[in-house]
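Asks: Below are the chains, spelled out letter by letter.
Protein chains: 2
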Amino acid sequence: MADSGDSGNVGPDGKPISKKALKKQQKEAEKAAKKAQRKAEIEAEQQANQQEDFSKELYGDMKMIQSSEKPDRELVRIGDITSDKVDQLLWCRGRLHTSRATGRQCFVVLRQQQFTIQGLLAASEKISKQMVKFCANITKESIVDIQGYVRKVEAKVESCTQQDVELHIVQAFVVSKSSPQLPLQIEDASRPEGDANADDGRARVNQDTRLDNRILDLRTTTKQAIFRLQAGVCKQFRNALTERGFVEIHTPKIISAASEGGANVFTVSYFKSNAFLAQSPQLYKQMAIAADFEKVFTVGAVFRAEDSNTHRHLTEFVGLDVEMAFKYHYHEVLNVIGELFVSIFKGLRDECQTEIATVNRQYPAEPFKFLEPSLILEYKEGVRMLADAGVEMDEEEDLSTPNEKLLGRLVREKYDTDFYILDKFPLAVRPFYTMPDPNNSKWSNSYDMFMRGEEILSGAQRIHDPEFLSERAKHHGINLEQIKAYIDSFRYGCPPHAGGGIGLERVTMLYLGLHNIRSSSLFPRDPKRVTP
Amino acid sequence: MADSGDSGNVGPDGKPISKKALKKQQKEAEKAAKKAQRKAEIEAEQQANQQEDFSKELYGDMKMIQSSEKPDRELVRIGDITSDKVDQLLWCRGRLHTSRATGRQCFVVLRQQQFTIQGLLAASEKISKQMVKFCANITKESIVDIQGYVRKVEAKVESCTQQDVELHIVQAFVVSKSSPQLPLQIEDASRPEGDANADDGRARVNQDTRLDNRILDLRTTTKQAIFRLQAGVCKQFRNALTERGFVEIHTPKIISAASEGGANVFTVSYFKSNAFLAQSPQLYKQMAIAADFEKVFTVGAVFRAEDSNTHRHLTEFVGLDVEMAFKYHYHEVLNVIGELFVSIFKGLRDECQTEIATVNRQYPAEPFKFLEPSLILEYKEGVRMLADAGVEMDEEEDLSTPNEKLLGRLVREKYDTDFYILDKFPLAVRPFYTMPDPNNSKWSNSYDMFMRGEEILSGAQRIHDPEFLSERAKHHGINLEQIKAYIDSFRYGCPPHAGGGIGLERVTMLYLGLHNIRSSSLFPRDPKRVTP
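Protein sequences appear in the order of chains A and B.
Going left to right, the first sequence walks through residues 764 to 1295 as this note's numbering numbers them.
Going left to right, the second sequence walks through residues 764 to 1295 as this note's numbering numbers them.
Next up, chain A with everything else stripped away, as it sits in the complex (with noise of 0.2 Å):
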């Protein structure tokens, strides 16, 4: 009996069949045999994995911790991995940053807050390809355990903190699962800031994307480090003034009367009446300096309901706030100001230096500069400057944005300097608590200070007389029964006393040459967002 095999192009059914159907059975046939072979090769793999995993118990997913046992392991910070632990077995906590499988071997960078470490896994007796298979598919962003040998490399590894050294892993164990979908990526976040015009074809991430997703954005390299140094920042702030013999205090957010006149003040319902969220602590270190406390600070949340969308307004931000008693002169004040900054530039650059580092692989800027002791000049003496740069502008007239900038920059031209302190402002442009100068009352002992061009700080001697405040008051066409509270403050006796509002988000933006406040704000507000 011949078999089909040797009947020629006959079908099934014994009929001969064309050129053409045969020439589609046999494909289906060759697409049948593949999916077999798929399949058995599927079925291999799958035994194989059951039977020849002999890494199974040196990775995988880890339970939830949910604080079942304490066991005695050591987890090293990778920033801490350098050339001295070569050879050591250690254990280490990371997120996945990035990873690369080629064949048999798995690259990976891990990464904790602001440092990076290489990690290799490549098959071998002891790891199984399954193993390598696993580490190769762990979602990026996700935490793992790893163990591994530290080894020396030959090349640094320059894509990485750690260039000297590499992490041979031996065990990996995911702690906790990133999405597969991230909705920025890290390394796009990270990259420096080129000419906008550059078309390096990388993308990059912009701003409402990076705050959307705020958590993401926040682990940058550069946002570690920012946050680190505005920490630094309120550090060294309180630490000089604590040394100078002043109090911290705290003043409330929710008052009865809107403190500058009702404008630009959010309204809260408080519960049957209306309160208001205080636009700045000035009443209340007053008031402490009323009652004795002679010489406050205070950190804290202060809010403008002010519709500007610029990059450097926000309406809620961490005002610090100082305010003292002095002798004789505003100057006493005005000098322990100038102290404070040159105490906290002097702190950030000796304790900050690898924040500020890292800040400028991805935002270029100069070193920030200051004179020591500080330099102040002379309102009128900032507008001659200005003339001579070819400004036209009146003596009591107040500073425009860009004049201000351009002044920022004369004076850095002159003096080599990124701060300085301008004083004695035309009386016209400030509030009506300002003290005039006793001299001239065109001008008032007030004061601004500026880093790199731009105000971080604004102050004055307040007037401590309740008659004459009325008066001022009353000059400024101010109805006096709203501020009664305020003047009356006055009535038992107060010193003299001067003091100012530091913005902490624009002395942390301007110290490292940022661009926009939005980067110094842990989670900005502003009139279009209250999200995350």
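It should be emphasised that the hints constitute simulated quantities derived from the structure, not laboratory data.
Be a bit skeptical, because a hint or two may be false.
With a straight-line cut-off of 25 Å between C-alpha atoms, the simulated BS3-like cross-links for lysine-lysine are [said to hold, decoys possible]:
id : chain 1 : residue 1 : chain 2 : residue 2
1  : A       : Lys1177   : A       : Lys1143
2  : B       : Lys1247   : A       : Lys826
3  : B       : Lys1291   : A       : Lys1247
4  : B       : Lys1143   : B       : Lys1205
5  : B       : Lys1187   : A       : Lys826
6  : A       : Lys1237   : B       : Lys826
7  : B       : Lys826    : A       : Lys1247
With chain A held as given, fit chain B onto it using these hints.
Replies: For chain B alone, kept in the frame of chain A given last:
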């Protein structure tokens, strides 16, 4: 010619006058004579004033200090005027605390913050009577610049802090005058708290009067000490955490969604929409952990729209918040917070002795006791101690305020500590994001901490797994849509973490053994008070 003297009782018109009319005339004459005499005396006195006031350069009202000069005069602090300065001639600035004039002498007490000194002014060949009179008439609470010789006293001046010396006044100028009418007397506001029924006949100041006139109330040595100690709490808190590698962050107070379900939250008008005031920084602390800050703390205003009018509730208070990623067990965090409190208590004990002693004089309290390391009890152990003391309560029931206080007393009796940690609260009484105990889901990985039997911190391991978090939220009947942003924060990998929030005013109140939280809030806010 006979003169009228001899003419008998005859009027100017020559007619005789009656006895009654005569008497009247005599009286009028006497009156006129007296008046003339008085006028002459006043004129003589005025003349004497002008001619004889050889001290007139030595006293008076100072011109309002407007920073017109920078005299090179040192003002010695009253607290520094001790027996090592005997016979020195010096200037100081203080408030006129009290004055008592006795003829040609005037005794004053000058006060500067926590310190007081006696001053004496006696008419002499150098000090005119007019000068004594001027000083005797200076209104209490006015600020004065006094020059005087430091003199040793024979008997200790019991009423002043500077007991071994007094000032023999040479010059006296009023820097800032107080109204003669004070709404409260500093002495009355400073009297020791006695038994409520004790009737010593002396005025005391009730709480509303104190709070309505807070700038006067805050001048008492007690309040000066309370808020200096409070600044110490913050300093110790931050230093202890900074040393342990924590980063200070600042979290927004204006938020888009009510953080804990919408109850007890204040609404803010935010441009054309509404927003809310954060009831705690917890969500943002946790986001900072998800964003790799690892260990964070924040000090800032926290808002609760709770209509609770108790001794320990405020609608706005200062939260000292901590959040920390841990390796394997939340006790890593619990122990850090326990150590943190030990650092705070030690710091206060060592650096604020003066303040503690000052407060104790008005509010007597036993010294605050603590153990090192801190005592940690399990919740069920606490329930057992209460049961042994006759309190019937279910193991899974929350602690009522009276039971909380009773347990504090029992713990103090048994362990001799005013601070302890209660660990492993029933899961049922904690918020949905609390991690259940891995061994028995009746309990949870959460804790409260207590000072003198009152809760000052509440905290827990938080669920860091988004799926489990959703499951627990559903179990609590929470609409997942409303907390989507919160749950999504954990989708890109988040380390296990725990933390807690401390109420600053409560810590201050309970450390010092005060009875009302309004004593430890500079300008307290409660449902009935938003002023001053």
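Asks: Do the alpha carbons of lysine 1247 of chain B and lysine 826 of chain A lie within 25 Å of each other, as the hint requires?
Replies: holds (24 Å)
Asks: Would the pair lysine 1177 of chain A and lysine 1143 of chain A pass a check requiring their Cα atoms to be no farther apart than 25 Å?
Replies: At roughly 16 Å apart (the allowed maximum being 25 Å), lysine 1143 of chain A and lysine 1177 of chain A satisfy the hint.
Asks: For the pair supplied as a hint, lysine 1237 of chain A and lysine 826 of chain B, is the alpha-carbon distance within the 25 Å limit?
Replies: holds (22 Å)
Asks: Verify the proposed pairing of lysine 1187 of chain B with lysine 826 of chain A, using a straight-line Cα cut of 25 Å.
Replies: holds (21 Å)
Asks: Do the alpha carbons of lysine 1291 of chain B and lysine 1247 of chain A lie within 25 Å of each other, as the hint requires?
Replies: holds (20 Å)
Asks: With a cut-off of 25 Å on the C-alpha distance, tell me whether lysine 826 of chain B and lysine 1247 of chain A pass.
Replies: holds (24 Å)
Asks: Going straight from one Cα to the other, do lysine 1143 of chain B and lysine 1205 of chain B come out at no more than 25 Å?
Replies: holds (11 Å)
Of the numbered hints given earlier, the model fails none.
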